[in-house]
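Chain order of the listed sequences is A and B. With the UniProt record's numbering, letter number 970 in the first sequence gets 970, and the count goes up by one each step, no holes. With the UniProt record's numbering, letter number 317 in the second sequence gets 317, and the count goes up by one each step, no holes.
There's no promise every hint is true.
Cross-link-like lysine-lysine pairs, in silico, DSS-like; alpha carbons within 27 Å at most [said to hold, decoys possible]:
1) Lys-47(A) x Lys-18(B)
2) Lys-34(A) x Lys-18(B)
3) Lys-638(A) x Lys-688(A)
4) Lys-232(A) x Lys-379(A)
Non-contacting residues of chain B with respect to chain A, defined by C-beta distances greater than 12 Å in every case (computed) [said to hold, decoys possible]:
5) Thr-45
6) Gln-71
7) Asp-191
8) Leu-291
9) Leu-301
10) Ala-314
11) Ala-317
Rather than coming from a laboratory, the hints here were simulated on the basis of the structure. Everything numeric in this text was worked out from a predicted model, so none of it was measured. Beta carbons: idealized from backbone N, C-alpha and C, even for Gly.
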Amino acid sequence: MSVAFDANPVKAMQSTHTHTPQTPSAQELSQEIKSFINGIDVAQGRKLSVREHARCAVRLLRLVPACRGAVLEHLRGVYDEHVSAFLHHLETDGDSSSGVSSNLEDIIQEIHSVLSEFIRLNPRAWAPLVSTWAVDLLGQLSSKHAGRRVAPHSSSLNELLQLWMSCAATRSLMEAYSQCLAAMLAWCPDACVDALLDTSVQHSPHFDWVVAHIGSAFPGTIISRVLACGLKDFCSHGTKDQGLMMMVVDKGSRVPKIGSVVGILGHLAAHHSDSIRKELLRMFQESLNPSSPLSPTSSSTSWESSPQLRRAAVPFLLQLAAMSPNLFGAVSAELVDLLRPPVLLQLQTLLQGIPREELDNMLGLAVHLISQSPSGGAKVLRFLADTATPASVIISGPTPSPHEGVREGCDRLLQMLLLHLHKLVFNRTDGVEVSPHHSSCMQPQRIIPFLEELQSHISQLCAETLRLERKRHLWLHQLLCLLSVYGGLTVATEAFCQLLTQARNPEELALAWQLHTMLSSCMVGLIPAAVTRCVAQIHTHTLGPRQLKQLLLNLATAIQSQEEDTKGLQSSMATQVGTAVSGHLQNFSGLLLHGDPTVSHAAVRLLSCSPLPRTSSPADLLLLSRAAVTHFFLVLRKQSEGTKAGRDGGQGSEAVNCSVKLLSRFAAYSALTLKAVLQQLIEGALHKGNTDLFGGQIAEMSGAPLTSPSASTDPGVSLLDINCRFGTAVNFTGSVWSVFHAGVIGKGLKVRTATKMPDPSWVIQNVQTLLAVIIQCCSPAGLNGSINGSQSQDEPAPINAEAAKVVAVTLVESVCPDVANGELSWPPEEHARTTVERDIHIRRCFEAHPVLFPLLQVVAAGRPALCYCSAVLRGLLATLLAHWEASREALSTDSPWHLQASCLLVSCMGEGQLLPPVLANVHEAFPHLSPFEVRLLLLTVWEYVRGNGPMPQKFVFSPDKGQFCRDFSRDGDVARYVAPIHSVLHKNIDRLGHLCWRFQL
Amino acid sequence: MGDIRQSLLPRDVLSAAKELLYHLDIYICNLLQSGRQPPQVDTKTLELVEEFILHAPKDRNTSARRMSALQELQLLEIMCSCFQEQSRDAVRQLMFNALFGLQGNQADESRMALLGKLVSMAIAVGRVPILECAATWLQRSHRVFCVRLAQVLVDDYCSMVPGSVSTLQNIHSASPRFCCQFITAVTTLYDLSSEELTPPTELLQMIVFWIQEDLRLILIAFLNTPLTGSQPISSLDVTPLGGLVRWCVKAPLAYRRDKKRTLPSGTGETGPDVGPLFSALHLSVLQVFMLLPNILNEKGLFGRLALLQMDSLATLASELSRLLDQADKQTHVSAADTQALSQLALDRLAQALQVAMANGALLCSREDLRAICSRLPHNNLLQLVLSGPVMYYNNIHTPPLAFSPHAAHSPIASHPAHTPLATHPSAHPQYASQPFMTGMAFPFRPSH
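Chain B extracted, bound-state conformation:
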């Protein structure tokens, strides 16, 4: 394949790229037919791709030829039809990989730029094969690059072109796998740690719409991936569950902070209130957790695969505690408001923990949870979740298999045993930490 370079050199930029694509297609078909395992595109070819399609500078001396934006658009158009016309999935995958598989060299920048445009265009003109390839790419690539791709798409469809979010929204029926990976990437990208890293409302609405439309969308990548344990290092999570939990838990506080920040300037976007959206999202997430036992059991993975990682939960807990601290310090909003929002965040965390634990998405002991949540302020529900069903399970280290979430409340509620701490926490409710006393019955207080 390397011998075609000489014939490509004299061509103009666009026709050279076109010709290379053509040759690449044939080459990969041949490669697959030869039946070599695994099918591997050789380095020569990759170099040709970098030189004639990505226009990465080959060496210092020769300045790279650049395509104009128009030529680039033409190339994208050609690529779109090329992938569309190729009927064989494997060829498409190999080709996509040859073009956009990250090589860890300088060409990666132009690769990412081209990929962003290609996927964006594929979304616009509905090229499902490309989206499928992109979904695979998102599963295999380093999360940093995945996040960058997601960023490009969010920019294109949620902020740059008004009204175009519907185009993206329509994708979920065409390529749910891509949507699933997209959600994972987006939740990784927007961790609500700052204003820039807060998802645009359009995006949020779209994701909620997607998930409400089909709860299993979240799990599609997980369902379609053969769990070989060969998950590439630092790739995205298998499911967006962790990221979504983080969104739901942090949202009350994060958005409150944003609101406060944008209010004085007076120009802050007064979009629709995101509160209900997150509530809906939270519900959906909990519902997805409830779907898990069946799926896991089918795969025979129940109790063996943790879809929620312990360390990400620990990070979430510490971030939450920092947010709560900040919320306490900033007394711009009324204290009652702050208090309510904090409790909402903690409630959501508790709910998520409980449901995840109960449905086998989170594999850990309550001791571990207590350690993680020790710095969080007091919350009734969280206290409940952390203390666990002490009355019925003497050995709290036993994984609460198939534990019904509804069962968690009733036994303790019916046992308001001693009330030794009744006065103390109520004196400073917002500063009351989460001291856990082993063996001590939890004093239930219906309301503060």
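So that you can see chain A by itself, here it is in the shape it has in the complex:
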């Protein structure tokens, strides 16, 4: 074969030597290799020391490329030896000879400098080689010596790091690796990180300190590379799972790298969570971008260029997130912000290429992640709901828009999420129920972070639910249910309360009932708790007037629903609500006087329909009755003002109706309440502030000097002076000071304040309302509610005697200030002079309060209650008698008020059966008579009453009429009182002829 130059190789060799004298000859090299292999100095025939051996290796590394592998392998031993010596030195606390370690340290330094020089000169060739070697050796060393006494436990990363970095060998390896990495990052970063990951998998957890150190030295790149490697690995494993694996041979045995990816990132997350988050999000975004293979930045190694990898990115990220809560937490918050419609479209197109089962897996994973996410749940939920909610019907045409797919996907995701949560929630409670023996603190309930977080967003959830958008409210409602079950009574209560507070119409309110129906099976006492909570909110003033109103109205509606639907599902609930509300009646009653009229209206609605508690303390009842009555007058005034202004009369009258209903129901509740209500009604009607409602004028009527002087008009009179003079302010009725009621002597009559007369029509209306209330309260039918209201239309229900008595007594108390001479029986007419003062007061009262007459009529209807008004009647009659006696007018009609008062008085007494019908009818003649004649007739009346005292015991209950009646036949003969009547008839027969039959006995 060899023709020309095979002749003399030795000569050729020699010529070689002359060329490069600085390098050793081939012969020497050959010797060196032999020495290295055998560990014996061939020339001198002695064994090489470790140090010499290593030197020899380094020389070979410099001179004979083929020895590279062997040299590196040998150096592993050297490093290992050094580490052993180092650790031994530590273990023996340095008392043994430390010569070996120091000896080796310089050789390691030498090796390191050679390697580092090589890497510096030719990174492309050396960096991959050295990095793999260094990482592998590091892994081996840290695994091997992990069990040493001085080596800290692998979990204490910092101590581990400190130990190894203080060892020259490992530090040198680490530096070499860092150098390689820095060099390789420019062109093939994947390779070095790959090696790192592989080793990490192999030697975990002892190797973690290396990753930690490298990671913190190159955070940005390591993170992205670790991710890219993980993705690649994930991708290849993923394809294997699908059975599409091409290269079957040796991949099967490999452990997926994702575990160590998670570990590494988890470690780095402590200090570089921000960059990790950015990197993860970037990965997500890049994976969505439509493929741009020609983009200048993407090299052949970057994962973005491979469509397969890009498709795997999203599942990969999900997997990562599933494996590390840290990473997931880092990303989840911002991820949602990224999901804008265009991104969603991209995502959809990306996911379309993924097979069905894998997609299902991904969905499952996503659902799991959402349910486990500790924060941002509300945001995620809003996003999902927003996206999944279909566009309005009008817009979505027959052809599905591209967004339709996205929407459906979200829809599906959301439904799966709900299903998943459902399972979690109910399995969880099941588990608790199954093992009731174990205390719950021993085995804490499984926590669902998603729901945990949403618990603080209940009010927003409720608000959104109540918006009743298609589909969305169904989802949210379901979620509310789950939340309530999950969070137990407190959460359920809150949700329920929120719904109650926020619902604005029956449809919305129905959601609350639905919630209750669903929860009722697993929760007891929801409604009482909810109502209690509402009350608490009322007390703390956390609700605005609008919400408060809504809440009250909703509660009222709830209770009323029972009446409409007696045997429906809601009835039990309505009852519960009713009971719960009735328990807090006094709290709601406070709202009757709320500054906002809508609130008080709502409150009256609620109270008017809520059942009353079985037992209640009198104090509460009194408070309630006081509030109700006050509210009644307020409403009445509102209504009047409303009608005057010509607006919302309907609402006003509705409010009044409610108020009336409340009062009547309340009055019917017990004797106590009846009395309280009536008393307060009367007092209220006569109260200074309310008189104008009923056509009254504000005039001083007490006769007390304290109230009478109006200091502005009478500067000359000082009450103080007067009081000083007499040393007392006691009211001596009938004394000289009573002159005050007409004015101060010497100053002329008091100027009557010109009160503007209210509109008679609404005065009438108000009076009617008041009477209606009182009558309703008084009528025994009120006890049975409005059931026989229709019957009372034809024949007014008889006034309850007891109630009428209350009215009577109250009237007397408020009209007649003086209890003296208050006996029922009447004295002779002359005796009336002793009570002039009082009588005048009474008359003034009647003048000031036109409503008194109708009230008297009511009393009269409730026989024999009018008897108790005897004093008032007497006083009034006395003043009337005095008036008619003094009157110099030609006709009675010239003093109209007195005429009317006389007529009304007599007719009342007739109605109340204080007078027999013959005498009662005299008032019919009054308008046609002269004052004197009127006086005559009235005197007759007086005489009769004096003769036949108005005693209640004279009345007998007649069951057929349902009320008390007086049998006049038992009294004295009426005929002797009729004579003056007949005389007057005779005198005026021309005018009174038509009335004669009324006075026949």
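Using the hints, position chain B against chain A.
Just chain B now, kept in the frame of chain A:
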């Protein structure tokens, strides 16, 4: 020989390999003495080699035993001395072939790895017999594997170990045949098509040094090979001439591109300018062409053996035209610079074509050349070469036997006949293609 397997099995990896080598040596000696023609190593033996030396997995079930790097080094050392001590060339060849002859099976990978290390080591410790065997191996093996071996050696000596290139450089005196094959392999490997496929400067310097030292180095393989026509398919070219021409022609443009690419990063190796190296190389190549007529005539092959293949030239021309297009598009470097480099490349091509044709290394008609070069831009010299000596050779298909390169210029230069195209090409000099008009005298323009 197959019966020794049982005795090898219990041994440790290294001693088994050692023992097998020993047995192999004896076996081959016996084989040669038996005088069977051709001497053929049987399959059993080859399998043993694969199992105990290359450690290729025999079947799926048994995992292959692996040698550690140290053991491998020991084995290499043993092999080196084994080949060194074997005095008979034929035995060495057969043994080398038994060990490293490609079998087209899985063991080829480990075979190539071991071969790379062995040759690298042989270079380091100067084991000429191994290099000679390797040279033969390079002649016989598929070019893909040859290129891989060359790659390993270049990596080892030109990039991995700094300063070790001198070791490789010294080889040329020890085993020129190996050097020649190495150059062929290297020129095949580095076709200047990308940055990775650009030869390292050290390698280039070394090759230029080698060729300048002895021009005949290029032809040694050709000279020492009996031309039986039994050249294995897809093996390397007989001479590195084609590859070297390609290097010289493409270098101006390829290096310009590299420079542009490395400049912005700022970290590009600012090695010595390779321009002069390629000029020297080009000169050497032309000189080697000039040596050819004598050698070919001696062998009686003149006009019958083409050392430059027509199809490789066609590839070169198309690659060049693509490079020129790219150079035009990338206007990062000044246009004048680009223009000068393009013209340099075209000049070199023209020179190489002309000299090769004249010295019988390229056997083709000018028509064929025109077809190949039709897409190249205008170049005076190339135009000249393509048009050929029309004035003196009416039949341009006649091979220009023994045509002196110096004669090519003078006749046309003295005949600036018509100038019909004078204005047109000068308007767009860089886009002017190479339109050849038959029968039309070439308008010579001294300069643009």
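Now the hints, each set against the structure:
no.	hint	result
1	Lys-47(A) x Lys-18(B)	24 Å, holds
2	Lys-34(A) x Lys-18(B)	16 Å, holds
3	Lys-638(A) x Lys-688(A)	17 Å, holds
4	Lys-232(A) x Lys-379(A)	31 Å, violated
5	Thr-45	22 Å, holds
6	Gln-71	8 Å, violated
7	Asp-191	19 Å, holds
8	Leu-291	15 Å, holds
9	Leu-301	17 Å, holds
10	Ala-314	29 Å, holds
11	Ala-317	28 Å, holds
Violated hints for the displayed structure, listed by number in ascending order: 4 and 6.
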